[in-house]
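Trainee: Next come the chains, spelled out residue by residue.
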Amino acid sequence: MRHRSPPAEQRHGKLPRVGASTMEDKSPSSPRELTQNPLKKIWMPNRNGLPEKHISHRKVCMTNCPTLIVTVGLPARGKTYISKKLTRYLNWIGVPTREFNVGQYRRDFLKIYKSFEFFRPDNEEGLKIRRQCASAALNDVQLYLTEEGGQVAVFDATNTTRERRGLIIQFAEQNGFKVFFVESVCEDPEVIQENIVQVKLGSPDYTNCNTEEAVEDFMKRIKCYENSYETLDEVLDRDLSYIKIMDVGQRFMVNRVLDHIQSRIVYYLMNIHITPRSIYLCRHGESDLNVRGRIGGDSGLTPNGKQFAKKLNQFIQTQNIQDLKVWTSQMKRTIQTAEALCVPYEQWKVLNEIDAGDCEEMMYEEIQERYPLEFALRDQDKYRYRYPKGESYEDLVQRLEPVIMELERQENVLVVCHQAVMRCLLAYFLDKTAEELPYLKCPLHTVLKLTPVAYGCKVESISLNVEAVNTHREKPENVEVSRMSEEALITVPAHQ
Amino acid sequence: MEQENMRRSRCDSTASVPQFCNSPTVIVMVGLPARGKTYISKKLTRYLNWIGVPTKVFNVGQYRREAVKTYKNFEFFKPDNEEAMRIRKACASAALSDVAAYFAKEYGQVAVFDATNTTRERRAIINTFAKERGYKVFFVESICDDPDIIAENIKQVKFGSPDYIDRDIEEAMQDFVQRIECYKASYMPIDDEIDRKLSYIKIFDVGSRYLVNQVQDHIQSRIVYYLMNIHVTPRSIYLSRHGESELNLLGRIGGDSGLSPRGHKYAGALASFIRGQKIKDLKVWTSHMKRTIQTAETLGVQYEQWKALNEIDAGVCEELTYEEIQENFPEEFAMRDQDKYRYRYPKGESYEDLVHRLEPVIMELERQENVLVICHQAVMRCLLAYFLDKAGDELPYLRCPLHTVLKLTPVAYGCKVESFFLNIEAVNTHREKPKNVNVNRNPEEALLTVPDHI
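Top to bottom, those sequences are chains A and B. Numbering-wise (full-length UniProt numbering), the first sequence opens with residue 1 and increments by one. Numbering-wise (full-length UniProt numbering), the second sequence opens with residue 1 and increments by one.
Next up, chain A with everything else stripped away, as it sits in the complex:
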């Protein structure tokens, strides 16, 4: 919304009286009419019946200008791991982010990687190519942030010299981007070795090498950078904004955090860890409202649901999980499920199912009958659609952010939740877009075991072999408001 003076037709009326203060007797400019956007239920000003330019309704203004995050560090210090994870998190909370890995540009350019010799500081040809790749990447960064609607770009490269960083800062200043450096410093040989094993051996650079050769070459590659490495310095770089991560999160140095998004990034980076662990996601057991095809509500488990709870207990026992934390929502059906586990559990109100507002406890057939417009809007944009007096998936993601943050801090956790909630959590771990998220399959009586591996997440789906209704409604072909009832209801799963 731009600051603007009231349009001509609103100004007529009182002329300032001579001698009187104009501020005092200015009649309130007649307020613009508000209409509620039918999809998101956001109140927006309109003029002549048409909505005004889209105003900001984000929960908070993350940043005024685009941000360039620049990684810094020797090879095998976790820069790409951090870049990808941070990008995934920012996109999930609604900040359009993309990573630009200079190594990828180099691979695309060179096609074949021969050996570490390419990285030798006296390899003029190599240096030229590497500089070109960095430039190409920055060029794409500029396009992304200025023309493609990006808000954050993560520039993933070693950036180990002050000179290189200086060039990037210049580039950012010219374009009006803020710069935030993320440096990873680590001298623990075991951690570095583990890094190499996890992500370098599988790299396209080493597809034709055996493990020994690959490790040896990579170590020499690291050496090429070591002599010219200028770490971010407390004094020399005191005017830069950065976080220095030392020893995989044992210690952090944070300098000049400028705005909200940088503050959130710092908080996130300080909460993640790489200790191996697994996260188990499942829904409550089948509930009474489930079998009747009704959404929401706060009903209890059916006999099948209780059977699932028992089986879940057995399953958890067989997994032999060390120090498992169990979380539920504050709704009866998840708590009943957790009770069968006979271990302490924590209740989170924010894990409650999406609030369907006026549609709570209705069947899809009833929603179609009473609110056909709403039903169609939901099919048009299921992520952003907000139930009247209820929530949207977008709202859910905001509400679940503290859960994700705490999941990052924790180790082994079992989350017993609900369909929409589980979709949101799963989308975070599997990097699903807003379009995909509301249609992720999260059937009843199935446990998803997520284990971080390399740059992503391994998913194992374990069905506990207890019957349950299907509650997954696919997007129908016809999402028009003018569609027939049958077309709207064609994908509704069977129920009593």
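Hints are not guaranteed to be accurate.
[What the hints assert, rightly or not] Some, not all, of what chain A presents toward chain B, calculated at C-beta under 8 Å:
no., residue
1, ARG32
2, PRO45
3, VAL248
4, ARG251
5, PHE252
6, ASN255
7, LEU258
8, HIS260
9, VAL266
10, TYR267
11, MET270
12, ASN271
13, LYS349
14, ASP395
15, ARG409
Since the hints were made in silico from the structure, they are not lab data. Positions of the beta carbon are idealized from the N, C-alpha and C atoms, including for glycine.
Model the placement of chain B on the given structure of chain A, informed by the hints.
Mentor: Frame of chain A; chain B shown alone:
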């Protein structure tokens, strides 16, 4: 009630967020005098209590003032003053003793041990004390060598201190500077190498830079995040409700109605008032509800809508009058009067839930400078309680009348409040706690304190 029992059977907390506090935590401040330790201690304590973590400050200087009734001069703090040293050690011990009692008997979860703690020896004593009892320790060190900041600190909080009550400013300044000198010689800042196993945050130059080491758990992580977001730049926060709404006039709670004619007048008056304040770079926030947005529209400036600022969800009681609630849900109505802070409307929220929902708003308010928040009665009560350090029993009864702007300005260790009624009449929406909160009370007794409406 069955649900209530289920909730309690497995967990101690019925709060909306797990508290994640297993062992009690001692936060230990470190730093020369006039480095903001007490400022940080009080602010952090206020924040933790607001989010539901029982926290208390133990200021050793306070113990010293009680032991040595009259402060003469800086000589008390000279490192070779054996008598004084004895007293100071005894005070520190007494404070630690009280920390233990706070944890063991008063259900405290976090204690903030506010003293200079500038020697490794002193810090080791505290660490041992904590380990023996199974408490976690987190150090917060404030390092600052900017003479302007230190002088400003001394002006803001030291001149008003009981120690300098009968001195003139020059004398006080001189004495305090000497006092700082007494500590300097023996000051051993937390060391990156020697102290690498300790959990701590070092704050440099009032937040320009931070060093964070070995964060152990959730509460320490939240503390670090909070400390990294606060600042001392002077600014003001303006809190106001939306203008009077149609449902307000009818005595109905909740809903999403528009402004009444008087409400629209208020919006205009608010715009004039704000203009008159001549505020630099004012940010304006509203909820997603029509009435706050309508109020903001008249200001003619950019505003942000926050869903988190929406009024408390009254669930099945939405849009009812108190009379209707009493008629249809007399038990609920009574329970609400018994514990208004924790009471959750059926299919709705409690004040406690509201606080949790508002935490990101508070965090962002800390980051920002001049902000006007246009919100709702219950929401405003929660925000006000944070700034004015009001506990759960007072919070739901704080007075936040319509058509009144509260201007909050941080000063010294607290917050100055100025209240501006913009002279536009509005209904009263404040219902006091009635005398009889028993479930078996008469409707008249329940409705005695309901404000007038159409």
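Trainee: Next, verify each hint and record whether it holds.
Mentor: Here is how each hint holds up against the structure:
1. ARG32: At about 6 Å, which falls below the 8 Å cut-off, the nearest Cβ of chain B leaves the hint on ARG32(A) intact, so it holds.
2. PRO45: It holds, given that the least Cβ distance between PRO45(A) and chain B is near 6 Å, below 8 Å.
3. VAL248: 12 Å, violated
4. ARG251: 5 Å, holds
5. PHE252: 4 Å, holds
6. ASN255: 5 Å, holds
7. LEU258: The hint is violated - LEU258(A) has no Cβ within 8 Å of chain B, the shortest such distance being about 10 Å.
8. HIS260: Holds, because the Cβ-Cβ distance from HIS260(A) to chain B comes to roughly 6 Å (cut-off 8 Å).
9. VAL266: Hint on VAL266(A): holds, closest Cβ of chain B at ~7 Å, below 8 Å.
10. TYR267: 5 Å, holds
11. MET270: 7 Å, holds
12. ASN271: 6 Å, holds
13. LYS349: 4 Å, holds
14. ASP395: Where the cut-off is 8 Å and the nearest Cβ of chain B is about 6 Å from ASP395(A), the hint holds.
15. ARG409: 6 Å, holds
Of the hints listed earlier, those the structure fails to meet are numbers 3, 7, in rising order.
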